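Undergrad: Oh and the sequence shown: position 9 is 8 in numbering that gives the first Met the number 0, straight run, nothing missing.
Take these hints with a grain of salt, some might be off.
Distance windows between CB atoms, simulated [to be verified]:
| id | residue 1 | residue 2 | range |
| --- | --- | --- | --- |
| 1 | 25 | 4 | 41 to 51 Å |
| 2 | 34 | 3 | 47 to 57 Å |
| 3 | 33 | 3 | 42 to 52 Å |
| 4 | 4 | 34 | 41 to 51 Å |
| 5 | 26 | 4 | 30 to 40 Å |
| 6 | 33 | 1 | 44 to 54 Å |
Please keep in mind that the hints were generated in silico from the structure rather than gathered at the bench. A quick note: this is a predicted structure, and the numbers were derived from the prediction, not measured. Ideal Cβ placement from N, Cα and C applies to all residues, glycine included.
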Amino acid sequence: MKNVTNKKQEQIDNQIENLEYEIRCSNELRQHNRGE
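Please construct the entire structure, taking both the sequences and the accompanying hints into account.
TA: Laid out in structure tokens, this is it:
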């Protein structure tokens, strides 16, 4: 059971990392489009 929980947590961590990466990219794009 513990193994399943660890696996789930790993997936969640990966999703969070992906989201943070997408947010950073979109923020940089927005700044670029505004000419900053």
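Undergrad: Does each hint fit the structure? Answer for all of them.
TA: Outcome of the hint check:
no.: 1; hint: 25 to 4: 41 to 51 Å; result: violated, 32 Å
no.: 2; hint: 34 to 3: 47 to 57 Å; result: holds, 49 Å
no.: 3; hint: 33 to 3: 42 to 52 Å; result: holds, 45 Å
no.: 4; hint: 4 to 34: 41 to 51 Å; result: holds, 47 Å
no.: 5; hint: 26 to 4: 30 to 40 Å; result: holds, 33 Å
no.: 6; hint: 33 to 1: 44 to 54 Å; result: holds, 48 Å
The structure does not agree with numbered hint 1 stated previously, though it agrees with all others.
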